[in-house]
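One letter stands for each residue in the lines below.
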Amino acid sequence: MAKKISILIVDDEESVRDSLYNWFIEDGFRVACAENAKKALTILESDQFDIILADIKMPGMDGLEMLRRIKSIKPDSIVIVMTAFATVDTAVKALKDGAYDYVTKPFDPDDLTHLIRNATKQISLSDENENLKKKVISLENVEDLIGKSEAMKDVLREIESVAQTNSSVIITGESGTGKELVARAIHANSPRKYFPFVSVHCGALTESLLESELFGHEKGAFTGAMYNRKGRFEMADSGSIFLDEIATISTKMQVELLRVLESKTFMRVGGNKEISSDFRVICATNKDLKSMVEKGTFREDLFYRLNVVTIQIPPLRDRKEDIPSLVDYFIKKYCTSMNKPPATIDTGALKRIQEFNFPGNIRELENMIERAIVVGNGKKIGLQDLPLEKTFVSSSAESLDDFEKAFVLQILNKYNWNISRTAKALKVDRVTLYNKIKKYDLKLADQR
Amino acid sequence: MSLPNITLISYGYFEKDILEKTAEAVIQEFQCSVSIREGHLDLSEFYDPTRRQYNGNALLKVIDSLAIPDSLKTLGLFNVDLFIPILTFIFGQAYLGGSSGIASIYRLSNKRYGIIGGDRFLSERCTKEVIHELGHTFGLIHCPNPTCVMRSSTYVEDIDQKNQNLCNSCRDEYISQSTLSQSL
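Protein sequences appear in the order of chains D and A.
1 is the number of the first residue of the first sequence in our numbering; add one for each residue after it.
1001 is the number of the first residue of the second sequence in our numbering; add one for each residue after it.
Just chain D, with the same shape it has in the complex:
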């Protein structure tokens, strides 16, 4: 449905205001009037209008000064100036100061209709342009979901089947597995793809901030609420909203969220008008929501409302066969963004990467490659460019002994099995080190 255009009429003559008001109301516009520039600026502080129709000659601040002030606050405002005393000078001045058009009173009904029709067209084109820009940006940001492993193929199949529906989706997976990427892929493949994809990181906001962020607020709703603000649910109208770290929201917010999901209507903080919005919810979490429901920390009804479809993203350690293609992808990505010649990776370095467990998943791998490109020689990424040595703790270590074995071996490798230097680094004497080597049956051949 086309949005309702709003018009603010600013004129000191009551008869002019009334005439224009009646004319525009009959055309179905939302109309407000102000008798002087000061009042108009006050109205504009708390409300937004698509078109401002202002008289030039007014007592106090004139229309041209008001035009300059409006333009300094909101440069893309459409201001049409009108005057009973037309001179070329004032017309040129108004247009130079950013007026959309200039008309002389009284004007022909057809001229007024055309003027408003053109301004309306301009507004809808600007809105469309803005939405398309956002769309292009969001499309650019949807990086390819890379992976030929069976686990990833399953995820891709699930994305494809769920994208065409309107069902709520929960994406689960460890931190850094690419949950938002999957959410974007669902949106980009859905019928809602030409509408906004709005992302909210629930874990990063306090309860009151999250409430204002999701539902928006009215001017004066709380200290610092200087203007009316649209919430993320309102922004996501016709599109999708992605609620990251859903498990972190408070019990109160869980109740609010459930109500919004049920009715698709809500009120802004401090407002009394019901707003409706048509959005699709995609949530993500690295927690086990079901066990949270059992423990009573997550509402059961909300869980079932959200949990229509669940997509589980496997951790990187469970799909190591995808690592080479991911490495290639990140090398290309960062070489391009850093304007460096295309680099390759040493076979040994790639082998070491594949053996690593990546507790931080793809995010960790990405950062590792980015760092390697920054610090490397630019042609070939070698073992020395990778920060694997620092991550000495093997995430597969399940006991203190395992951990000690891996750690001692790593320091031995670091000092090329020089016993004195290794013992010094470990702050133990040589005998203790020999005992550890014997205890864990460490051999030079164990060097990985």
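Incorrect hints may appear among the rest.
Derived, one-sided and incomplete: chain D residues facing chain A with beta-carbon distance under 7 Å [stated by the list, open to error]:
| no. | residue |
| --- | --- |
| 1 | Glu14 |
| 2 | Val16 |
| 3 | Ser19 |
| 4 | Ile25 |
| 5 | Glu26 |
| 6 | Gly28 |
| 7 | Thr104 |
| 8 | Lys105 |
| 9 | Pro106 |
| 10 | Asp108 |
| 11 | Pro109 |
One-sided excerpt, in silico: chain D residues whose CB lies under 10 Å from chain A [said to hold, decoys possible]:
| no. | residue |
| --- | --- |
| 12 | Arg17 |
| 13 | Met82 |
| 14 | Thr113 |
| 15 | Glu364 |
If you are wondering where the hints come from, they were derived from the structure by calculation, not from laboratory data.
All residues carry an ideal CB built from backbone N, CA and C; glycine is no exception.
We have chain D already, so just place chain A on it with the hints.
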């Protein structure tokens, strides 16, 4: 149950035929009864010598203040050139969702545009203009449908292009508005 009544008050000379045809069309369109009256008003009070036209805003206020008993809506029909301060002319105007409106046949005649004959157009245009303004009093806004009588018209050619009936969407809106006003 008696039908709601709409009063058409003519100011100045009007051919009986025009008023009767207009009343018939209004009855059919709004399913109401129509009373035709002759009004008497000193129009010189509303004349603006600099513009050589009559002030539509002031005339609408007078019609609105008549308070005719048992009349749901009142429409003043004039044969003088109407204006509002911001526009060079108007065919008519009404209070949106209110109880009164005005219309003028001054700019509806072919003679005004140097065309001889075609008096049938005057009657049709008058009917459309009256139904359009009454539509506003029932809360209807301008309609994008090119054949709907609620389509905005800034030239007589625009009036000729539309029908004298409400489109389906405006009819639905009219029914819901009338139901709402009856329930209040």
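Evaluated hints:
Checking Glu14 of chain D against chain A by beta carbon gives a least distance of about 9 Å; that is not within 7 Å, so the hint is violated. Given hint, Val16 of chain D at the interface with chain A, holds; its Cβ is 5 Å from that chain's nearest Cβ, closer than 7 Å. At its closest, the beta carbon of Ser19 of chain D sits 4 Å from a beta carbon of chain A; the interface hint therefore holds under the 7 Å criterion. Proximity of Ile25 of chain D to chain A holds as hinted, the smallest CB-CB distance being about 5 Å (cut-off 7 Å).
Hint status for Glu26 of chain D relative to chain A: holds, with the closest Cβ pair at about 6 Å, below 7 Å. A distance limit of 7 Å between C-beta atoms decides the matter here; for Gly28 of chain D the minimum to chain A is near 4 Å, and the interface restraint holds. Hint on Thr104 of chain D is violated. Least Cβ distance to chain A is approximately 11 Å, over the 7 Å limit. Interface hint status for Lys105 of chain D: upheld, as the beta-carbon distance to the closest one in chain A is roughly 6 Å, under 7 Å.
Because the beta carbon of Pro106 of chain D sits about 5 Å from the nearest beta carbon in chain A, less than 7 Å, this interface hint is met. Here the hint on Asp108 of chain D is kept, as its CB sits about 5 Å from the closest CB of chain A, short of 7 Å. Given hint, Pro109 of chain D at the interface with chain A, holds; its Cβ is 4 Å from that chain's nearest Cβ, closer than 7 Å. This hint holds: Arg17 of chain D has a C-beta 9 Å from the nearest C-beta of chain A, less than the 10 Å allowed.
For Met82 of chain D, the interface hint holds, the least distance from its beta-carbon to any beta-carbon of chain A being 8 Å, beneath 10 Å. Given hint, Thr113 of chain D at the interface with chain A, holds; its Cβ is 6 Å from that chain's nearest Cβ, closer than 10 Å. A least Cβ separation of about 56 Å between Glu364 of chain D and chain A goes past the 10 Å threshold, and the interface hint is therefore violated.
Going down the numbered hints, you'll see the structure goes against 1, 7, 15, while the others check out.
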